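Single-letter residue listing:
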Amino acid sequence: MATTLQDLNIDYDKPNWCPGCGDFGIWVSLKNAIVQLGLKPWEVVLVSGIGCSSKLPYWVKTFGFNGLHGRPMPVAEGIRLANSGLTVIVIGGDGDQMAEGGNHWLHAARRNVNLTLMVHDNQVYGLTTGQFSPTTNIGEKNKATPVPVVEAPVNIMQLALASGATFVARGYAGDNKQETELITQAIQHKGFSIVDTMQPCVTFNHHNTFAWFYERVYKLEEQGHDPLNKLLAFEKAEEWPLRRPLNEGEKEKVATGVFYKEDRPTWEEGTPQIAEIPLVKQSTENRDIIPLFDELL
Amino acid sequence: MATTLQDLNIDYDKPNWCPGCGDFGIWVSLKNAIVQLGLKPWEVVLVSGIGCSSKLPYWVKTFGFNGLHGRPMPVAEGIRLANSGLTVIVIGGDGDQMAEGGNHWLHAARRNVNLTLMVHDNQVYGLTTGQFSPTTNIGEKNKATPVPVVEAPVNIMQLALASGATFVARGYAGDNKQETELITQAIQHKGFSIVDTMQPCVTFNHHNTFAWFYERVYKLEEQGHDPLNKLLAFEKAEEWPLRRPLNEGEKEKVATGVFYKEDRPTWEEGTPQIAEIPLVKQSTENRDIIPLFDELL
Amino acid sequence: MVDLQWLIGGEAGYGIMTTGLMMSKIFTRLGLHVFDYVEYPSLIRGGHNAYYVRGSDEAITSQKKTVDILVSLNAETVKLHMDELAENAAVIFDPSVIKLSVEQFPVSVRLFPIPLLELTKKVEADRLMINTVSVGSSLALCYKEFTVLEKMMQDTFGKKGEDVVAININTSKAGFDYVVENFGPTHVADIQAMPQKHMLMSGAEAIAFGAIRAGLSFAAIYPMTPINTVMTMLVSHALKYNIVVKEPEDEIAGINMALGASFAGARSMVATSGGGFALMTESIGLAAQTETPIVVILGMRPGPATGMPTWTEQGDLRFALHSPQGDFPKVVLAPGDMYEAFEDTMKALNLAEKYQLPVIVLVDKHINESHATVEIDAFKSLSASFKIERGKIVSDQEALSETEYKRYALVEDGISPRSLPGQQGGIALSGSDEHDEKGLYNEESAMRIKMMDKRFKKLDVAILNNEFTGPKLIGDPDSQLTIVSYGSTKFAILDAMRQLKKENISVNFLQVTYLEPFPSVVFNEMIGKAKKTLIIENTKVGQFEGLIREKTGYVFAHNLRKYDGRPFYPEEIVECVKQLF
Amino acid sequence: MVDLQWLIGGEAGYGIMTTGLMMSKIFTRLGLHVFDYVEYPSLIRGGHNAYYVRGSDEAITSQKKTVDILVSLNAETVKLHMDELAENAAVIFDPSVIKLSVEQFPVSVRLFPIPLLELTKKVEADRLMINTVSVGSSLALCYKEFTVLEKMMQDTFGKKGEDVVAININTSKAGFDYVVENFGPTHVADIQAMPQKHMLMSGAEAIAFGAIRAGLSFAAIYPMTPINTVMTMLVSHALKYNIVVKEPEDEIAGINMALGASFAGARSMVATSGGGFALMTESIGLAAQTETPIVVILGMRPGPATGMPTWTEQGDLRFALHSPQGDFPKVVLAPGDMYEAFEDTMKALNLAEKYQLPVIVLVDKHINESHATVEIDAFKSLSASFKIERGKIVSDQEALSETEYKRYALVEDGISPRSLPGQQGGIALSGSDEHDEKGLYNEESAMRIKMMDKRFKKLDVAILNNEFTGPKLIGDPDSQLTIVSYGSTKFAILDAMRQLKKENISVNFLQVTYLEPFPSVVFNEMIGKAKKTLIIENTKVGQFEGLIREKTGYVFAHNLRKYDGRPFYPEEIVECVKQLF
Ligand SMILES: Cc1ncc(C[n+]2csc(CCOP(=O)(O)OP(=O)(O)O)c2C)c(N)n1
Ligand SMILES: Cc1ncc(C[n+]2csc(CCOP(=O)(O)OP(=O)(O)O)c2C)c(N)n1
Ligand code: SF4
Ligand code: SF4
Ligand SMILES: [Mg+2]
Ligand SMILES: [Mg+2]
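Residue numbers (my numbering), protein chains in the order written: chain X, 9 to 305; chain P, 9 to 305; chain W, 157 to 737; chain V, 157 to 737.
It is worth saying that the hints were derived from the structure and are not from the lab.
Check each hint, because a few of them may be wrong.
[Stated by the list, open to error] Listed below are the simulated DSS-like cross-link pairs for lysine-lysine, each with C-alpha atoms no more than 27 Å apart in a straight line:
| # | chain 1 | residue 1 | chain 2 | residue 2 |
| --- | --- | --- | --- | --- |
| 1 | W | K396 | X | K151 |
| 2 | W | K543 | P | K69 |
| 3 | W | K685 | W | K657 |
| 4 | W | K687 | V | K707 |
| 5 | X | K269 | P | K259 |
| 6 | P | K151 | V | K606 |
| 7 | P | K238 | X | K269 |
| 8 | V | K685 | W | K707 |
| 9 | P | K48 | W | K548 |
| 10 | X | K259 | P | K238 |
| 11 | X | K48 | V | K548 |
| 12 | V | K606 | X | K69 |
| 13 | V | K235 | W | K594 |
| 14 | P | K259 | P | K185 |
| 15 | P | K48 | W | K594 |
| 16 | P | K289 | W | K543 |
| 17 | P | K69 | W | K594 |
| 18 | X | K69 | V | K610 |
| 19 | X | K289 | V | K548 |
| 20 | P | K238 | P | K259 |
| 21 | P | K269 | P | K227 |
| 22 | V | K396 | P | K151 |
| 23 | W | K606 | V | K315 |
| 24 | W | K658 | W | K628 |
| 25 | X | K227 | X | K198 |
Small disclaimer: the values here were computed from a predicted structure and weren't measured.
Same shape as in the complex, but just chain X (with noise of 0.2 Å):
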């Protein structure tokens, strides 16, 4: 029986995002990309932090598990070691990813872990109310700091190409259409795949709004970019953030879309202790230890 939205929705709560928030929009692509993939509900574990953003997995009626701020990555990395049959999708904010949780996922992208990372990129840190985050933009004027921010943001999709992720892609909250093709392809990737997706915060981010979105997204495959290439992945990728203030008059183009894309081991395959039953499936009574006993003799 094929999957539908219906299944994917819980009756007993709904997402408390503020209306208009761009986590709606993810939602929805999320649960249409699982739909559409035909996976089976509980075959899918959504595992995330603390923040807004990482409130999700409640929503949605799959295996969930709400950890630490900063922490799913390693969890979803031990869930797919343990249990490489399910389809294991990580959810984060931007401060969940890249502040906190920022070694975990450029470690779990050179192992090409099998898993997506979806970061909810809002550029602010929702929960707390309203302070800046790795990715808000130099200039912005924010109550965590007494002049406006100066540090330049990270760029997701090229520390990502630097980490060796295998699948590299950025979306928009505001375009279900694509956000929801992004995140299939991710999931139907094999290897580590991160969809960066600007999600506008209504009541925290009044400078990147889906206004302003609207007017600098474009899509990469529009002009012919080719996801195979990782230095011309490398190069768009330097478009935006800026590193620096903008210039008078001069305004940001978004690329979205995958940005790169390529084939390679992954690490649930290079443990070959996996490698024929999933971890959780196979049988641990009755080891014999006796044998090991020789060494010590």
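Using the hints, position chains P, W and V with the ligands against chain X.
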């Protein structure tokens, strides 16, 4: 009075690295650089983590802070903000900086903190007796994994470029002259500089030896590399380390020298509180807080 | 006598917080004693927020259970808070939004249907300003003049320009006038304004002010409830006082930045809650071993894990005391009100530098985010009498004349003079390994023992120097019952004591003001004089009770614990005490 | 009677460790009781290593103070260990490397100058093999036949090929023969070989074996002394038993990977020391709140911070008990020897899954890195009698028939059946926020209390189920003195008791085998029967003593503490005990 090598020596201890360890070369080069730059020993702070390499500050007569495994970078950032008159150099192993401390240097790089990161890259955990590290090459046999290493190594040069480091170089512990030159340039550079030095570990890394490197290193400058071009730098950095097993008969090429440099305002410059006087020189006596009470009425 | 509690309830994200604070300030300006308390979920919009403001012309120090004026912006508010209403409570609502009749309520209430929305339209204000209208109406129910609110709007919004001031005055006045015209004035109470001697302060503000006053130079803070306000306050005054305040990439970076700055000579601090503190613990050991001064503000909230992030509990006591690995000296201070939060923060910054060790100021959501009136003069004099003491720092001159400076010299009091990077002659290394006097790694048995003893010696010396004050005995020494507690429970305890006194039950309060080093001797002396004893704490397992037993052997016959994320209410304590007699 | 301690000293990195272990195994093969102990600094080459091997034909369980045979590969060794030599001790050295004369020594010694280097040359071995020569010579000093060593070389190096076996036999034989020919055999002792019933095991090995036997499926371990051997052992057997063992990027990743694997249904564990544990603490709270089973092996070493990373201490007791924020149930087991390390690891893995909570196995460098002889049959039967119990996991069938599965169902015993991802009908979310039965975030007072109580209920049920055994009373119940301790101090205590018994001083030992939940009732019962009591622990501040006072009220009149990074020696305990009489 000019600083001499003698000034940098302590008389009550000497390095306890294994005879032949690559750390000796870096140690000598660092002291050379300090002398050549004419830095006053008491205005230099070496900040390190934990590992064989991280013991270096014990054996140079400057100020030193030997912190926790993986955590020297934020200590160094704090020192810079508190006293921007000091020359601050972070010293860490590939495990210290790329594994445990992976998150910190990337953020320091995007902030463009004016300090130098020296990675002693022996591609192994030395002090804990030889487990593989994030820079260990694919295919290495190692006590920490039941099968040869399958994880693609961290590409430090690419990560540095992606994270916005403004001076990015690779050195080799077997070439003191070049190493001294690179450290000198890195210290002189205004902003975040990283020198990743390939440092043979004679005890636990029997693959990436001096002989191995000797046959593979080449100098970027001799190939006319333009260090102002970020894309070219990224391309060069793609050469090595490999994210795949070596092909039959293939031989790696290990570029050394300055991959990239750029000018960008530093974090310290973006901090008006210390624009004129270093923080530690400012008086904090007799602050009048009574005006603050007005807001509470 | 006036003692009334006002409550506004509504959806998160629609100005409940601002409105509540406004009401608190009005009461403050009328010269009342005020305490306010907020309940809100960890989400930005849509959940239910409840802001309680209690004002009284007698001293009060806590929220109470019953509500005298309820402003219900939606139907849910009525449902949720109906049971808290006092006999004869007033309920303000907009009849175009909800329908209410007195029969719905479990007690007799007085309904004040006020067309909040319509009134905003009338004065051409945004519909979001219905809150402001309701403030005006609320004021009219208990005070006869509008001027106090007018003045407040001017003071609050003056910086934002005439227009903003005007619209705020107009909307609130509309609400005020509507009540006066339709129901008559001062229906609930008739507050007699008194000269204002108080200001309204949250614990977080007290901490930030204390830090500023005490010469804080550097802070690196990663956001986390309930210390966000500490961060915001420091940021807002950072340029004025030249304090470097940075938002690090995580808490580990935060404390290590602060340690770096401290090592370089800047007075430094961090602030966090349990989860962030967990990440900092390793570095607290680093501070101890390198003898680098550091102050950690630890704001507790209910765990385990994320738990209930916007609620209150005292469940991190043992965690604060015993993190991380190994034996080393630290100080843990536990302020119980805004005065103490201010003083302890200042004291912490002194102690950390004088004794070169980590100092934790243990607070919680209840003290950090509640506001209470405090005496302006008292704060002025606390501020005036405070002296910054930075401890033994080698002067540039001294450093120059050093022939062989020893960073960890085994001096009698254990406090080895610090040199600072940049000082010629003061060159030294501080390391996380055990070391000798010069700081060189050393694992010999004799040196290890000397260095351990030296580090602990500092704490002994601090005690000898009378650095720690407390426990405090509050109330009649001859009382029939002694309540023992620490931290924010003080609010409700003092309030309960006042109520009990009125009923002629005399209870005193032994407030433990610092937890490490534990004042075992003094505690035992004081508890020895108690007749009956009751220990109160916001935990399930009784961490504080265990601590006292460990440190003093004292066993309590009675305890009162709470672990539902809510602070104690004075009524609960009163009831418990009465059962003991 | 034979009871001799052999010591080899030399520069780190030159095979001292391998050589020492070889000696331990020879003694083991001769049927002796063996205990070995190593001191080494945290560096790879050049520092001083000392490997002590004690062998006896009576039961022994600890290193002792005096050395009977010293192999000194350099002059420093003689200098450093001279004072430890027993009357008439034998000193093996190479006269071409160091010059020694009996007058240099504080006691009378017998010098055995042996041309170690020359002998290696003679058999065409690498000069690094002088150690192996010295093993042969050492054997000759206390046993008459070479065959035992020959056999061992075959067993040990068989896999590496004939040549390796041959060269090892030749070098050690050269050393053996040289002694026999030049000095005669069995100068120091004449060991009577007994049938071998023992094997030689370190605590780390016991833990790894226990984990393997108990069905461990997943481990993520970041290297750190003193748990590196646990990691190495698991890695070496990973393919054989299909255990996924990964080296994560840091300890935070490690425990979260393990939690992920556990959540997915794999039996999981991590291992670390204090600094890494500090980083894991936040996630221990996560395990508690989500009720995800996890076992943490915590190997203590002296802090604070990096401290003395290759030495021993018990300074993390309170840290293990009280991390991180909030009240939640956990279990802390504290094995005191290899048998218990094996059993407790197995038990921990069962308990974690049965009660869905974090279980810590608290060990230290002394137990992890020392080797002791253990009875092969005992281990076989411990292994045979162990049963894997995975607790309440919903079967696929059950899950399918669920209409509304509740992950955190409020069942009587608090243990809600777990579903596993992949199970149709078992869909659920586990979250770090406080939640309702379905796992949905929930901050209501009543639900909070129910969920807190439910989590703690599990621990009560575990107690009722008699999951915890101990404290153990070892020795004559009527003894004049009861020693109380936990963990690795057991080694020296048992040894001291044997010595004291010989001197007709009867002492018994109350060993606390688990620390959380604390066995207050049983402890009090048992200590109530004690005449005099002495508490022994490897800390400065007496963390364990404080714990007992907190949990039982019991106050010790006497304690023996040590915090120089060294384990207790039986002699120290004997001396202390005698002073009490
Ligand atoms: C260890 C820890 N530190 C801090 C916090 C507080 N905190 C909760 S959410 C959050 C940031 C949220 O930002 P982001 O991840 O971008 O998510 P968003 O709310 O913007 O979707 C922080 C700092 C925490 N829960 N845990
Ligand atoms: C938090 C923490 N985890 C683990 C360790 C143990 N440890 C000490 S050094 C080290 C790795 C050393 O490798 P690297 O940084 O590459 O330095 P190297 O010794 O190779 O120079 C580790 C894991 C530690 N000290 N602290
Ligand atoms: S605060 Fe921002 S990110 Fe959070 S729910 Fe509201 S709009 Fe969305
Ligand atoms: S182990 Fe390796 S890195 Fe460490 S000192 Fe020896 S050679 Fe150098
Ligand atoms: Mg965000
Ligand atoms: Mg290394």
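When the hints from earlier in the document are held up against this structure, which numbers fail? Failing hints, ascending: 2, 6 and 23.
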